[in-house]
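S.K.: From first to last, the protein sequence lines stand for chains L and H. First residue of the first sequence? That's 1 in this note's numbering, and the numbers climb one at a time after it. First residue of the second sequence? That's 1 in this note's numbering, and the numbers climb one at a time after it.
Check each hint, because a few of them may be wrong.
Here's a subset of chain H near chain L, in silico, CB distances under 7 Å, partners left out [to be verified]:
#, residue
1, 24
2, 49
3, 64
Stretch by stretch, here's where chain L covers chain H in the computed footprint (C-beta under 8 Å, at least three residues) [what the hints assert, rightly or not]:
#, region
4, 25-39
5, 52-63
These are calculated hints, taken from the structure and not from any lab test. Yeah, the Cβ is synthetic: ideal placement off N, Cα and C, and Gly gets one too.
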Amino acid sequence: MLTPVLAPMAGAAISLSAVPDPVFSQAMVGPGAAIDPAREPGHALAPISGRIVKLHPHAYVIEAPDGRGVLVHLGIDTVQLKGAGFEPLVAEGDPVRAGQPVVSWNPADVEAGGRSPICPVVALDTPASAVLRVAAGPVHAGDELFQWD
Amino acid sequence: MAADARAIIAGLGGVDNIIEIEPCITRLRTEVRDAARVNQHALKAAGAHGVMAAGNIVQIVVGPEADTIASDIEDIIG
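Pulled out of the complex, with its shape left as it was, chain L reads as follows:
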């Protein structure tokens, strides 16, 4: 079954291999894509419908009822911010719909702090061949970013 995975925010869809962090660029936790986000305050959305199984201020994992998990990481090395500038809008364990806001943040602030605001969106623990029709170039929040077969 094809699961559409949505862009969590507006920006430019780029290849995961262009992310400045080897964990993501080498797809160590799974294939996917990334968003170079618009530098404006906004909400990071749920890329799929499911349950919030991990929620950090700067990253979250949503698991669909069929067990597929998608990770959204807001910026690179943002764990070092210890939550400053990130406001979770849901709680761990909550059900969410694809497109629902999960975290409020501002990519411009992350960049001003000297970190990359690029957001990897990863299909966890799946072969690269399962990720299809990866978008490239400008996307709106909630547009399809890739399909997970």
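Knowing the structure of chain L, use the given hints to seat chain H on it.
M.R.: Frame of chain L; chain H shown alone:
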């Protein structure tokens, strides 16, 4: 399969070589006393998807179970 906490401690050179261990969503960031005692092959055999070492900072990529594994390790090393 989740990475094995005890095997990760051994791969990091044992309890007394670990200064700090902190989970991020996909990885364990650890600081060790002696980087020469870290065994990357042992860490991968323990279930790590990858290991990145820079000086005394070793990052062990374990996937989204990083939080659980870090608390398992903290339980063991006290």
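S.K.: Now tell me, hint by hint, if it's right for this structure.
M.R.: For each hint, the structure was consulted:
no.: 1; hint: 24; verdict: holds, 4 Å
no.: 2; hint: 49; verdict: holds, 4 Å
no.: 3; hint: 64; verdict: holds, 5 Å
no.: 4; hint: 25-39; verdict: holds (count 4)
no.: 5; hint: 52-63; verdict: holds (count 4)
Taken one by one, the earlier hints all hold for this structure without exception.
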